[in-house]
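Top to bottom, those sequences are chains H and Z. If you count the first sequence from 1, you need to add 76 to reach the numbering used here. If you count the second sequence from 1, you need to add 76 to reach the numbering used here.
None of these hints come from the bench; they were simulated from the model. What you are looking at is a predicted structure, and each value in this text was computed from that prediction instead of being measured. Glycine included, C-beta positions come from ideal geometry on N, C-alpha and C.
Chain H side only, calculated, beta carbon under 8 Å to chain Z, not exhaustive:
#, residue
1, 193
2, 194
3, 198
4, 233
5, 237
6, 266
7, 277
8, 280
9, 291
10, 299
11, 301
12, 302
13, 303
Over 10 Å on every C-beta distance to chain Z, these chain H residues come out as not near it, computed from the model:
#, residue
14, 94
15, 98
16, 146
17, 156
18, 159
19, 174
20, 252
21, 255
Straight-line alpha carbon distances no greater than 27 Å define the calculated DSS-like cross-link-like pairs of lysine-lysine that follow:
#, chain 1, residue 1, chain 2, residue 2
22, Z, 175, Z, 165
23, Z, 299, H, 299
24, H, 165, H, 137
25, Z, 231, H, 299
Now for the letters of each chain:
Number of protein chains: 2
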Amino acid sequence: MNIGIFGTGVVAQSLAPGIARLRHSVMIGTRNPAELMERGTPAQGTQKTFAEWSRAHSEIKLGAFAEAARFAELLINATSGGASLEALKQAGEENLRGKILIDASNPLDFSKGFPPTLLVKDTDSLGEQIQRAFPSVKVVKSLNTVNAAVMTAPKSVGGGEHTLFLCGNDAEAKAKVSEFLRALGWADLIDLGDISGSRGMEMYLPLWLRLWGALGTPMLNVKVVRG
Amino acid sequence: MNIGIFGTGVVAQSLAPGIARLRHSVMIGTRNPAELMERGTPAQGTQKTFAEWSRAHSEIKLGAFAEAARFAELLINATSGGASLEALKQAGEENLRGKILIDASNPLDFSKGFPPTLLVKDTDSLGEQIQRAFPSVKVVKSLNTVNAAVMTAPKSVGGGEHTLFLCGNDAEAKAKVSEFLRALGWADLIDLGDISGSRGMEMYLPLWLRLWGALGTPMLNVKVVRG
Chain H
77 MNIGIFGTGV VAQSLAPGIA RLRHSVMIGT RNPAELMERG TPAQGTQKTF AEWSRAHSEI
137 KLGAFAEAAR FAELLINATS GGASLEALKQ AGEENLRGKI LIDASNPLDF SKGFPPTLLV
197 KDTDSLGEQI QRAFPSVKVV KSLNTVNAAV MTAPKSVGGG EHTLFLCGND AEAKAKVSEF
257 LRALGWADLI DLGDISGSRG MEMYLPLWLR LWGALGTPML NVKVVRG
Chain Z
77 MNIGIFGTGV VAQSLAPGIA RLRHSVMIGT RNPAELMERG TPAQGTQKTF AEWSRAHSEI
137 KLGAFAEAAR FAELLINATS GGASLEALKQ AGEENLRGKI LIDASNPLDF SKGFPPTLLV
197 KDTDSLGEQI QRAFPSVKVV KSLNTVNAAV MTAPKSVGGG EHTLFLCGND AEAKAKVSEF
257 LRALGWADLI DLGDISGSRG MEMYLPLWLR LWGALGTPML NVKVVRG
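Okay, chain H solo, but in the shape it has when bound (with noise of 0.2 Å):
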C-alpha cells in the first residue's frame, strides 16, 4: 500500500522506516523538500540532518505535503500538533479527498518549556479539529498515546502486552486502520467510539509524561484490564 507520512520529526523519521518494513511504499510530506534536504541541524531528538537520515533510508519518498497526498492510499498525520492544519490545509483539500488520515499528534504547547501545555482540550481536540476541517477526510486518531519508537514496534515494550486506542468517525476507516495497526504488532486495540474520543486520547499525554518521568525510560504502555 502506498503510505503517506505528514512530517519529518522523530515521529515521522521512526514511522516510516517501520512501516517501509512491511512492504509499505512510503512518501514523507514535507512543506518545501528543498530547504528541508540542506537544512543543517537534526530535528529535535534525532541525531542526524535529514539529508543525512534520508540517505540512510533511500526506500523512503520525500515530498510536498501536496505530492504525498496524491501518492497515499493511508495517510498518517505525524506533523506537531500546533502544525497540523497547515500542513493539511498545504496538502490540499483536493488531494486529501475521501482519503484515509490516521492523526498520531498531539496538540502540545511547548512555548511555556517543560511540561508542556495543551493547545486544545476537555471540550474539544486536534482530531476533531482536522476532522471539521476536512470533512471529507476519514479521521482516524490513534498511535498518538506511545512514544514514537512504540508505534511500530509495540513488542519492544513488555512483549507487546498493551493497549492501542482508536477512534474515529468512519467504522470502515477504523476498520482499514485496525488491520493496519495488527499489522504493525498491534494485538489489543480498543475502539473509543467517534471522532470525540480523541479528547480523552490527547488528554491522557499529561499522564503519559509523568510515567516517562517516573519510569526513567519513554518506552513504555498501559494494558487496559478488563473485570
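With the hints as your guide, set chain Z onto chain H.
Relative to the frame of chain H, chain Z by itself:
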C-alpha cells in the same frame, strides 16, 4: 487506625465498608448529619437512602466534617470535585493541620450533561488547589483513576494485575499512603512525583469514561507496562 472519609455518595459508601473490613475505625464526614439521615432519596448511583445504608453498616460512624477531621489520623476526600474545597473549609484548618489527606476526587462538571468536562485542568488541578488552600495538610492524590468498587477491591479486576498512581509533595505521607493502599490490595503503585502530578491523573478521566463506554463496564483499570 482512625480513618475519616469526606463525602456520602457512591464513592464514600464503597470506601467506608471496604476500609472498615481491614479493622480500621471509619467515620464518614458530611455537612449536616441529621439532615442526611432524614433524606428520603438515595444518592446518585446508590440504591438505598443514607439512613437505610447506615443501618446496614452500623460499623461506620457519621459526623460533621469537623468531627470526622478531628477523629481521623488519615483522611480521604470522596466528595464531588466541585464541592471539595468547601467541605474542607467546613472541616476547619485547625482540625486538618498536619494530617494526611488522600484526595480521591475528580473535578467533574456535569452541568452540561454527559460526558462531564473538567472544572480545572492542564495548568492546574484540584489536587493542587486543595494543597494550596491547606498548606499544612499533606495531600496525596490517589484512587481517583478507578471506579469506587475497584478502590478497595483491586482484585475484582483482572486479579489485581493493574496500576494505581499517587503523587504529593510529602515523601513520608506518600510512604504511609502506599502502605495503606497495599493493605487494600494494590500491588503496583507508581509515584508520579509532586502534587502537580494531579493534572495528569485528573485529565485521564475523559479517557477512562470512554473506556467504560467501549467495554460496557466501569470494572476496568490500566496496568502500566514497562520496557
